[in-house]
Amino acid sequence: KAGVTQTPRYLIKTRGQQVTLSCSPISGHRSVSWYQQTPGQGLQFLFEYFSETQRNKGNFPGRFSGRQFSNSRSEMNVSTLELGDSALYLCASRIVPGQEIYEQYFGPGTRLTVT
Amino acid sequence: EDKVVQSPLSLVVHEGDTVTLNCSYEVTNFRSLLWYKQEKKAPTFLFMLTSSGIEKKSGRLSSILDKKELFSILNITATQTGDSAVYLCAVGTKTSYDKVIFGPGTSLSVIP
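Residue numbers (the numbering used here), protein chains in the order written: chain G, 1 to 115; chain A, 1 to 112.
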């Protein structure tokens, strides 16, 4: 079974631009979560999507948004990029949220560098 | 505010040593505690703990949860260089929705 895939793997953008990252969950997984990982802040939760609906959102500004498609694939968008948005963006999928099992499977991440 | 704390933040040991990594938490509506290993790429799942006092083992790794004292430990015996990684502790909670809160991680370096 294929794992979680993320595209692109690496990205360089300049301040003020916007970026869209993509995540394809494991087949059969319907929940997709996004995390930002930086050396200073660690791994921070951005949002989770299930059945094309955002179920939960972390403490990030409105510049960070996402969506999920009917095939469970998800995209996240960051508008008006700032230098501090440079980070590894991880996507994680799990079968269904709300079950006892919180076992998430992470993708390889997208390394975003903002210059 | 929910938080997860890990200690130490970094650790250097020699091959063959035994290490203990600590994770404490303060969260509302605790559901589970999870350990992940991250080696410069995606975190990989190690353990999920939901009950106090029941040790989970996988090879040289083991973990236990104390829900009364709100902490967990991850033990690695006979460490190998391949154990070098960041070990992340996370807590799953559930109120009207479920979420996972990660700790800062412990960076473990095992030197020959």
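Check each hint, because a few of them may be wrong.
Said to hold, decoys possible - Straight-line Cα separation of at most 20 Å, EDC-like style, residue types lysine to aspartate or glutamate; simulated pairs: (1) A/K3 <-> A/E26; (2) A/K94 <-> A/D2; (3) G/K57 <-> A/E1; (4) G/K57 <-> A/D66; (5) A/K94 <-> G/E103; (6) A/K67 <-> A/E26; (7) A/K37 <-> G/E82; (8) A/K3 <-> A/D66; (9) A/K68 <-> A/E55; (10) A/K94 <-> A/E26; (11) A/K56 <-> G/E103; (12) A/K57 <-> G/E103; (13) G/K13 <-> G/E75; (14) A/K68 <-> A/D2; (15) A/K3 <-> A/E69; (16) A/K41 <-> G/E103; (17) A/K57 <-> A/D83; (18) G/K13 <-> G/E82; (19) A/K94 <-> A/E15.
Claimed, not checked - Here are a few chain G residues that sit away from chain A, every Cβ distance over 10 Å (derived from the structure): (20) K13; (21) S33; (22) S65; (23) S79; (24) T115.
No lab work stands behind these hints: they were computed from the structure.
From the three backbone atoms N, C-alpha and C, an ideal C-beta is built for every residue, glycine too.
Structure-based check of each hint:
Between the alpha carbons of A/K3 and A/E26 the distance comes to roughly 5 Å, so the proposed pair stays at or under 20 Å and holds. Between the alpha carbons of A/K94 and A/D2 the distance comes to roughly 12 Å, so the proposed pair stays at or under 20 Å and holds. Distance check on the hinted pair: G/K57 and A/E1 sit about 15 Å apart at the alpha-carbon level, within 20 Å; holds. The straight-line distance between the Cα atoms of G/K57 and A/D66 is roughly 29 Å, outside the 20 Å bound, and the hint therefore fails.
A C-alpha spacing of about 14 Å is found between A/K94 and G/E103, which places the hinted pair at or below 20 Å, so the restraint holds. Restraint check for A/K67 and A/E26: the C-alpha separation of about 11 Å stays at or below 20 Å, so the hint holds. Between A/K37 and G/E82 the CA atoms are separated by roughly 29 Å; this puts the pair beyond 20 Å, and the hint is violated. The hinted pair formed by A/K3 and A/D66 meets the criterion: a straight-line CA distance of about 16 Å does not exceed 20 Å.
Distance hint between A/K68 and A/E55 is fulfilled; the C-alpha atoms sit about 15 Å from each other, no more than 20 Å. Only pairs whose Cα atoms come within 20 Å are accepted, and A/K94 paired with A/E26 is accepted, the gap being roughly 14 Å. Between A/K56 and G/E103 the CA atoms are separated by roughly 15 Å; this keeps the pair inside 20 Å, and the hint holds. Proposed proximity of A/K57 and G/E103 is supported: the alpha carbons are some 16 Å apart, at most 20 Å.
For the hint linking G/K13 to G/E75, the alpha-carbon distance of about 17 Å falls within 20 Å, and the restraint holds. The hinted pair formed by A/K68 and A/D2 meets the criterion: a straight-line CA distance of about 17 Å does not exceed 20 Å. Distance check on the hinted pair: A/K3 and A/E69 sit about 15 Å apart at the alpha-carbon level, within 20 Å; holds. For the suggested pair A/K41 and G/E103, the alpha carbons sit about 17 Å apart, so the restraint of at most 20 Å is met.
For the hint linking A/K57 to A/D83, the alpha-carbon distance of about 15 Å falls within 20 Å, and the restraint holds. Taking the CA atoms of G/K13 and G/E82, the gap is about 10 Å. The hint holds against a cut of 20 Å. With a CA separation close to 39 Å, the supplied pair A/K94 and A/E15 exceeds the 20 Å bound. Against chain A, the non-interface label of G/K13 holds: every CB pair exceeds 10 Å, the least being about 22 Å.
With a least beta-carbon separation of about 8 Å from chain A, G/S33 fails to lie farther than 10 Å from that chain, contradicting its non-interface assignment. For G/S65, the condition that its CB be more than 10 Å from all CB atoms of chain A holds, with the nearest at approximately 18 Å. Annotated as non-interface, G/S79 keeps its C-beta farther than 10 Å from every C-beta of chain A; the closest such distance is 24 Å. Taking the minimum C-beta to C-beta distance to chain A, about 22 Å, the non-interface status of G/T115 holds against the 10 Å cut.
The structure fails hints 4, 7, 19, 21 (numbered hints given earlier, in ascending order).
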